[in-house]
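2 protein chains.
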Amino acid sequence: MRKINIGIIGLGTIGEGLFRIINSQKSSIRKKFNIEINIIKVCDLDYKLAKKLKIEKKLFTNNYNQIVEDPKIDCVVELIGGTTIAKTIADKTLKFNKHFVTANKALIAMHGNTLSRVATKKNLHLMYEASVGGGIPLLNSIKESIIINEIKSFHGILNGTCNYILSLMAEGKEFNSALSEAQKLGFAEADPTLDINGYDTAHKVCVMAQECFGYSPNIKKIHIEGIEKINKIDLDVAKELNCKIKLIGKGKIKGKDLSLSVNPMLLKKDNPLFNVENEFNAVLIDSKNLGPIMKYGYGAGMLPTASAVITDLIRLNTDISSKAMQISKKYNLLNINDSKSRFYIRFFVVNKSGYLAKITSKFAKYKINIEKIIQNPHIANLKKVPVVITTKKSKFSELDKLLSEVHKSGLTSKESIMIPFEE
Amino acid sequence: MRKINIGIIGLGTIGEGLFRIINSQKSSIRKKFNIEINIIKVCDLDYKLAKKLKIEKKLFTNNYNQIVEDPKIDCVVELIGGTTIAKTIADKTLKFNKHFVTANKALIAMHGNTLSRVATKKNLHLMYEASVGGGIPLLNSIKESIIINEIKSFHGILNGTCNYILSLMAEGKEFNSALSEAQKLGFAEADPTLDINGYDTAHKVCVMAQECFGYSPNIKKIHIEGIEKINKIDLDVAKELNCKIKLIGKGKIKGKDLSLSVNPMLLKKDNPLFNVENEFNAVLIDSKNLGPIMKYGYGAGMLPTASAVITDLIRLNTDISSKAMQISKKYNLLNINDSKSRFYIRFFVVNKSGYLAKITSKFAKYKINIEKIIQNPHIANLKKVPVVITTKKSKFSELDKLLSEVHKSGLTSKESIMIPFEE
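Going line by line, the protein sequences match chains U and R.
Residue numbers for the first sequence follow my numbering, so the first one is 1450 and each next one is one higher.
Residue numbers for the second sequence follow my numbering, so the first one is 1450 and each next one is one higher.
Since the hints were made in silico from the structure, they are not lab data.
Treat the numbers as computed from the prediction; the structure is a model and nothing was measured.
Glycine residues also receive a C-beta, built at the ideal position from the N, C-alpha and C atoms.
Don't take each hint at face value.
Pulled a few chain R residues facing chain U out of the computed Cβ check, cut under 8 angstroms [unchecked claim]:
| # | residue |
| --- | --- |
| 1 | K1601 |
| 2 | Y1745 |
| 3 | V1799 |
| 4 | Y1804 |
| 5 | Y1815 |
| 6 | I1819 |
Capping the alpha-carbon separation at 30 angstroms, the derived lysine-lysine pairs in BS3-like fashion look like this [what the hints assert, rightly or not]:
| # | chain 1 | residue 1 | chain 2 | residue 2 |
| --- | --- | --- | --- | --- |
| 7 | R | K1816 | R | K1778 |
| 8 | R | K1681 | R | K1821 |
| 9 | R | K1481 | U | K1570 |
| 10 | R | K1811 | U | K1475 |
| 11 | U | K1703 | R | K1789 |
| 12 | U | K1718 | R | K1718 |
| 13 | U | K1705 | R | K1475 |
| 14 | R | K1678 | R | K1544 |
| 15 | U | K1718 | R | K1832 |
| 16 | R | K1633 | R | K1701 |
| 17 | U | K1807 | U | K1779 |
| 18 | U | K1536 | U | K1481 |
| 19 | R | K1601 | U | K1480 |
| 20 | R | K1811 | R | K1778 |
| 21 | R | K1816 | R | K1670 |
| 22 | U | K1807 | U | K1778 |
| 23 | U | K1601 | U | K1521 |
| 24 | R | K1844 | R | K1814 |
| 25 | U | K1633 | U | K1670 |
| 26 | U | K1481 | R | K1789 |
| 27 | R | K1688 | U | K1480 |
| 28 | U | K1622 | R | K1688 |
| 29 | U | K1622 | R | K1670 |
| 30 | U | K1475 | R | K1475 |
| 31 | U | K1811 | U | K1778 |
| 32 | U | K1503 | R | K1789 |
| 33 | U | K1778 | R | K1475 |
| 34 | U | K1814 | U | K1705 |
| 35 | R | K1717 | U | K1571 |
| 36 | R | K1544 | U | K1481 |
| 37 | R | K1789 | R | K1536 |
| 38 | U | K1779 | U | K1811 |
| 39 | R | K1475 | U | K1570 |
| 40 | R | K1633 | U | K1681 |
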């Protein structure tokens, strides 16, 4: 029987879930895994949340140093998020020779590589299963089995807030009312900016790139687009095209080239991610021997995420050698401007006669082949008429230029959008 | 660096894949996992397959005792299937104090419990990741993380052959031509009996019951139905009902009651298994903290399955204590006769006037509420007219009685079918 003494820093949603599961399942964890997890101390800004959980005062501190420096504690669980204080806590934890477990994707995205090197040198565990995909057994499963094979790509619906909003919009809701419903149900934060603008997904893409490709990207070099510009009309037209729009975090290798991106994409029916709705997350991983593997489940929430943290705590019992992040590969990170796809483009045209000829002439100028033009006649009496054009395989940068030229022409209002098809 | 010396018994599809992956990825496995896997000896009935793989004669034997008794070998990998010789090999392997890794679901379904007890006592690994779900990281992931939570149910599409046939039939193919296409593509065996009749799925259900519920069922007490009786018409009508028919292996707990079954089911669009097509497998696991988790991928095939075997070999490096099968729970195994569902019932009616009144009167007699009656008028000039009746929630045994009474009446030809809806 191994005993693991932990300190928890941060008693928000995940911290509360962790506290609850450890307390209620201590004996079953002991029985199943031969490990006893003891909570030695918890830290939060004030005693309020700890009081709610009936945590005794002597177990509580508002000074994280009392956890990272406590010689009785083997492992620090950081659940405060962010990359400033959390980074200091991570550094100090390793300095004081303790294992470090976190659910913090931003921290691992930005500093995972450095922290991992320090941890490995000191024979300490750095674990972060909960940072991507919430309760879905994902990162450890990549580390311990899928990585045996050569991973070629991953495609993920990695943000439950965005997926929930897009699901509601596909059923006819407007963006804002979908967002407030997500907030009401607790699937979206009070300030959902980092979810909506794609940055949460981008952090997860960075963590996945580390796990799948052994590559630690600079997040600034990744193309990141959120779902803010998506209109209900886009989901209607997507349906007409037998597609769904999903926010996809993606990584793909071709020889020495690596592409990483976060943006809305049009998925066809045969895509395993097509049916992933509401607050669910899913990741599709393609590798040489295994072919496509998909993992699906709740990507957030108190108990799923806390359960993933416990998975890491239990793994503290195992050999460390194969668990460390292995950043070694040098890839050439491609710029999205050079990528090619079929595209969905939606303009809001200021209703003037002859606009279609003018717009399509731009396509001709940029040598972009049009596949389909879709106008909804029943809304053609609006001042702004939505016009959708789908293209044959085209270069991102050319379409981008075309779009800004059309904008400048005054033919369209500003909210045009281009969405690639995922094939 | 740990060295693991293995002997492989059986050079069929998986054996070949294992040999190929170990040879081609030896150094990357060494680097990633700090383990060196050495093949000391391989065994097959004759040298033919070994010769094809360019295995030197001195590495080859046709006597498995030369592997299980070889003191240089740490771990025996059994890939011959079946429960007779394979069982002897398993027993002897443990007797000679070697770890045992297998892809053999029948063996684990029938003898996993006993073998596991012996292995645990001797501090040896018994591992069988490849036995369910092929290359999908499944059993180890249940053992090492999902099991932290209280698992409430699993639903799986666990046989690629059946799923491939049903997918083709949904596109309009007849059973026999779908089967021969599956055979041509290597998704179905020359003798597909155990796939088609549901027994392969049943073995996997037994293994899953052991992992998820700590319960080792007697396979004879499980309701097992295959896909033989399914007609193309059923898939057509299912489509009209916005459903798909899939062969589902299922386990579900309610208090102290456990139900286990293998049978075709009607899935609705919002079921995550709905979109699992062709040769793909998928398992949906519902647990207390995590909610529904789905895992999806190739459930068979040379490289996916061999890759799962390698996962086990790499895990030999880890602590054994938490890895053993834990059979302890006593459940009351329910009889399917007592289960209740909405049902799809299809009769082939011998075309006589008034048949519908006669059939529906039987429903009245058994107090089974009809939801919908579907007849396809365009095929009503056939001698056997397909009639589909869907029911409200009804007891399995009552419907079963009703069906045999209708048969006896001479109103229908024999191939009636009842398929529960999964909701």
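To see whether the hints hold, each was checked on the structure:
1. Nearest Cβ of chain U to the Cβ of K1601(R): about 13 angstroms, over the 8 angstroms cut. The hint is violated.
2. Here the hint on Y1745(R) is kept, as its CB sits about 4 angstroms from the closest CB of chain U, short of 8 angstroms.
3. Using the Cβ-Cβ criterion of 8 angstroms, the hint placing V1799(R) at the interface with chain U is not satisfied: the shortest such distance is roughly 39 angstroms.
4. About 38 angstroms separates the beta-carbon of Y1804(R) from the nearest beta-carbon of chain U, more than 8 angstroms, and the hint is not met.
5. The criterion of a C-beta within 8 angstroms of any C-beta in chain U is not met by Y1815(R), whose closest approach is roughly 36 angstroms, and the hint is violated.
6. Because the beta carbon of I1819(R) sits about 31 angstroms from the nearest beta carbon in chain U, more than 8 angstroms, this interface hint is broken.
7. Note on K1816(R) and K1778(R): the hinted pairing is violated, with a Cα-Cα distance of about 37 angstroms set against a maximum of 30 angstroms.
8. For the given pair, K1681(R) sits about 20 angstroms from K1821(R) by alpha-carbon distance, which is consistent with the 30 angstroms threshold.
9. Proposed proximity of K1481(R) and K1570(U) is supported: the alpha carbons are some 16 angstroms apart, at most 30 angstroms.
10. Straight-line distance between C-alpha atoms of K1811(R) and K1475(U) comes to about 55 angstroms, which puts the hinted pair past the 30 angstroms bound.
11. For the given pair, K1703(U) sits about 52 angstroms from K1789(R) by alpha-carbon distance, which is inconsistent with the 30 angstroms threshold.
12. Straight-line distance between C-alpha atoms of K1718(U) and K1718(R) comes to about 12 angstroms, which keeps the hinted pair within the 30 angstroms bound.
13. Under the criterion of a C-alpha separation no larger than 30 angstroms, the hint pairing K1705(U) with K1475(R) is consistent with the structure, at around 22 angstroms.
14. Our distance criterion of 30 angstroms between C-alpha atoms is broken by K1678(R) and K1544(R), whose separation comes to about 45 angstroms.
15. Proximity of K1718(U) to K1832(R) is assessed by CA-CA distance (about 38 angstroms); at most 30 angstroms being required, the pair is judged violated.
16. Proximity of K1633(R) to K1701(R) is assessed by CA-CA distance (about 36 angstroms); at most 30 angstroms being required, the pair is judged violated.
17. In summary, the hint linking K1807(U) to K1779(U) is not supported, as the alpha carbons are separated by about 45 angstroms, beyond the 30 angstroms threshold.
18. For the suggested pair K1536(U) and K1481(U), the alpha carbons sit about 33 angstroms apart, so the restraint of at most 30 angstroms is broken.
19. A hinted pair counts as satisfied when its Cα atoms are at most 30 angstroms apart, and K1601(R) with K1480(U) qualifies at roughly 19 angstroms.
20. Taken as a hint, the K1811(R) and K1778(R) pair is broken in the structure, with Cα atoms around 42 angstroms apart against an allowance of 30 angstroms.
21. A distance of roughly 28 angstroms separates the Cα atoms of K1816(R) and K1670(R); the hinted pair therefore holds under the 30 angstroms criterion.
22. The suggested pairing of K1807(U) with K1778(U) is violated, with an alpha-carbon distance near 48 angstroms, which exceeds 30 angstroms.
23. In summary, the hint linking K1601(U) to K1521(U) is not supported, as the alpha carbons are separated by about 43 angstroms, beyond the 30 angstroms threshold.
24. Proposed proximity of K1844(R) and K1814(R) is supported: the alpha carbons are some 14 angstroms apart, at most 30 angstroms.
25. For a cut-off of 30 angstroms, the pair hint linking K1633(U) to K1670(U) is broken: about 34 angstroms separates their Cα positions.
26. Restraint check: the Cα-Cα separation between K1481(U) and K1789(R) comes to about 34 angstroms, which exceeds 30 angstroms; the hinted pair is violated.
27. Straight-line distance between C-alpha atoms of K1688(R) and K1480(U) comes to about 47 angstroms, which puts the hinted pair past the 30 angstroms bound.
28. Proximity of K1622(U) to K1688(R) is assessed by CA-CA distance (about 28 angstroms); at most 30 angstroms being required, the pair is judged to hold.
29. Of the pairs offered as hints, the one joining K1622(U) and K1670(R) is violated, with about 49 angstroms between alpha carbons and a cut-off of 30 angstroms exceeded.
30. Restraint check: the Cα-Cα separation between K1475(U) and K1475(R) comes to about 40 angstroms, which exceeds 30 angstroms; the hinted pair is violated.
31. Between K1811(U) and K1778(U) the alpha-carbon distance is near 42 angstroms, which puts this suggested pair outside the 30 angstroms criterion.
32. Straight-line distance between C-alpha atoms of K1503(U) and K1789(R) comes to about 43 angstroms, which puts the hinted pair past the 30 angstroms bound.
33. A C-alpha spacing of about 18 angstroms is found between K1778(U) and K1475(R), which places the hinted pair at or below 30 angstroms, so the restraint holds.
34. For the hint linking K1814(U) to K1705(U), the alpha-carbon distance of about 33 angstroms lies beyond 30 angstroms, and the restraint is violated.
35. Our distance criterion of 30 angstroms between C-alpha atoms is broken by K1717(R) and K1571(U), whose separation comes to about 52 angstroms.
36. Of the supplied pair hints, the one linking K1544(R) and K1481(U) holds, its CA atoms being roughly 26 angstroms apart against a limit of 30 angstroms.
37. Distance hint between K1789(R) and K1536(R) is unfulfilled; the C-alpha atoms sit about 38 angstroms from each other, more than 30 angstroms.
38. For the given pair, K1779(U) sits about 39 angstroms from K1811(U) by alpha-carbon distance, which is inconsistent with the 30 angstroms threshold.
39. Taking the CA atoms of K1475(R) and K1570(U), the gap is near 25 angstroms; set against the 30 angstroms cutoff, the hint holds.
40. Between K1633(R) and K1681(U) the alpha-carbon distance is near 46 angstroms, which puts this suggested pair outside the 30 angstroms criterion.
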